[in-house]
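Could you put the whole structure together from the sequences, leaning on the hints where they help?
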Amino acid sequence: MPEGATYIGAEAFSGCSGVTVVNLGNSLTNIGSKAFYGCGLSTVSIPMSLTSIGAEAFGDCIRLKSVIWDARNCSDFATSFPETVTAFTFGKNVRLIPSGICQDMALIDSISIPSTVTHIGDFAFYGCDGLERIISSASIPPTISETTFEDYTTKLYVPIGSKTRYHEADYWSNFTDLRNDGASYTIVLSTDIEKGSVSGGGLYEDGEIVRISATPKVGYLFARWSDGNTENPRKITVESELSLTAEFTAVCRLSVLSNDATMGTVKGSGEYAESTIVILSALPNEGFQFARWNDGSTENPRPMTVMDDTELTAEFLPLHSLSVAADNTTTGIVEGSGEYAEGTVVILSALPNEGFQFARWNDGSTENPRPVTVMEDTELTAEFLPLHSLSVTADATTDIVEGSGEYAEGTVVILSALPNEGFQFARWNDGNTENPRPVTVMEDTELTAEFETGSHRLSVRSGNEDMGNVTALLTATPNTGYQFIHWNDGDISNPRTIAISENIDLIAKFEAKATNTDAISNDNERISVIGRTLYVENGGKTYRIYNTIGQLVYTGNDSEVSLSNPGIYTVCTGNRTQKIMIR
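If you read the sequence shown in my numbering, its first letter stands for residue 93, the second for the next number, and so on.
No lab work stands behind these hints, which were simulated from the structure alone. All C-beta atoms in this analysis are idealised placements derived from N, C-alpha and C, irrespective of residue type, glycine included. Among the hints, a few may not be true.
Pairs of lysine-lysine, DSSO-like flavour, derived with a Cα cap of 27 Å [claimed, not checked]: (1) LYS309 x LYS255; (2) LYS255 x LYS184; (3) LYS247 x LYS327; (4) LYS184 x LYS247; (5) LYS601 x LYS633; (6) LYS309 x LYS327; (7) LYS247 x LYS157; (8) LYS327 x LYS287; (9) LYS287 x LYS255.
Pairwise CB distance ranges, derived in the manner of DEER restraints [stated by the list, open to error]: (10) ASN649 x GLU431: 50 to 56 Å; (11) GLU629 x THR537: 22 to 28 Å; (12) PRO570 x ASN595: 34 to 40 Å.
Quick look at the structure:
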């Protein structure tokens, strides 16, 4: 172009395919639309003075490969360069990069932005799919919009010391691979060579992604890097000088076993770094249950800190069914059913409903609550019986009777009627004369003990003592089941002759005879009662005494035993069982 030309008109060289080189000069300010449309240009240099380019000024220049852009402040850019351009260079005086200037130039792989640029327009580098790096020499980030660039994963190189500004600048902060232009850093790796080795250290460009690794020797495991990171291998983005030490630890072998693989399996075995916390699990198969670890712990799952080589065995046990029920749900309930590991001790409880009483388990045991050791599948039934009231009273002459209470159906109760002084038992109100008397409780029952006077007064005297005296022969005759003891004045003679010289009151004292209720006889044994003292002659052998409710009150071989409480007692010697009454 002529020196001093400032304007090229529209379509000035349009269709001139033979034009392959053009010198636009340093004074040119405007290029009209389609000025070089279809020309054979391969390279074009835009002067610093240019401020305006019309639409399609370089349209259809299919041979154009290189553009050198020196325009300082071209704010009126209405065109686009062909997609055939492979190199686009911005001069050192450019302040403004126009919107859309390199849009869709997929063949450009690198862009350098001069330090003088303060603004880059919309879509300036949008659609540059082949762009691999952007080098910005501007220490102050130029203003851009969200659409200035499309791919924010492209490597962005910026002046050393300005990365923070770009990280904080609008839209520049979208770039994920930001590097210092021209900077390189050293990664230094070290370790104890007796335990392992490291690789990946060296000199790298800023922003480069480096892979480092630590390889332990036999008997060791990688633990961590000196900065606390535990990744291995590990990727590092180079941003500064870096020194790292690989730390290794001795291998601790943890062996987790099952006592029987058919009963259950385990998890947790392996090689671990010292102090590693491992969760152990014992998983029972169907029909079995985890019981314990061989060190006594029952925790499952179980956290364990590995400090040395360790072996643990999970112990499994068969599960057994324990089924407990009541013989009738209206009479009571039971507790304790379930599935239990073999050897488990289960406490069974039989809880009677109102009006009933637990009698026994179907295996004969009467213990309740009852501990049961589960060793196999077991079924137990609690048997309950109705409760019946047994009311035992005395007539108006005395009130000492024993046996009243509530009893389970079928219970045998020993009733005792104890006469007061001056009275003797006569009969029960149902006519029965047995005393003590066994009664089998089958329904609500009321019985009354009837007593009668046990002594009578006989007054004998002389009508005139000067004329003569009276002598009386007294005989005390006991009823069946009783025996004479003594007279009230202590005399034991019977019959007894007394001379009547004054008023005398004599009372014969009787007591119930001891009887052998089991009809077991032995000529070498003799059991008798005088007052409240029991006399036993059996050759010094041990015998036992039980009260009415079955409590043991004495065991030994004494020939005399004092029994302070009145009632019916049972004496058991080696050959006989005999009931006695203490009044």
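Against the structure, the hints:
1. LYS309 x LYS255: violated, 41 Å
2. LYS255 x LYS184: holds, 21 Å
3. LYS247 x LYS327: holds, 17 Å
4. LYS184 x LYS247: It holds: about 22 Å lies between the C-alpha atoms, which stays within 27 Å.
5. LYS601 x LYS633: Roughly 32 Å between the alpha carbons, so the hint for LYS601 and LYS633 is violated.
6. LYS309 x LYS327: Judged against 27 Å, a Cα distance of about 22 Å means the pair holds.
7. LYS247 x LYS157: holds, 23 Å
8. LYS327 x LYS287: holds, 22 Å
9. LYS287 x LYS255: violated, 39 Å
10. ASN649 x GLU431: 50 to 56 Å: Since the Cβ atoms of ASN649 and GLU431 sit about 53 Å apart, the hinted range of 50 to 56 Å holds.
11. GLU629 x THR537: 22 to 28 Å: violated, 39 Å
12. PRO570 x ASN595: 34 to 40 Å: Once the Cβ atoms are compared, 26 Å apart, the range 34 to 40 Å for ASN595 and PRO570 is violated.
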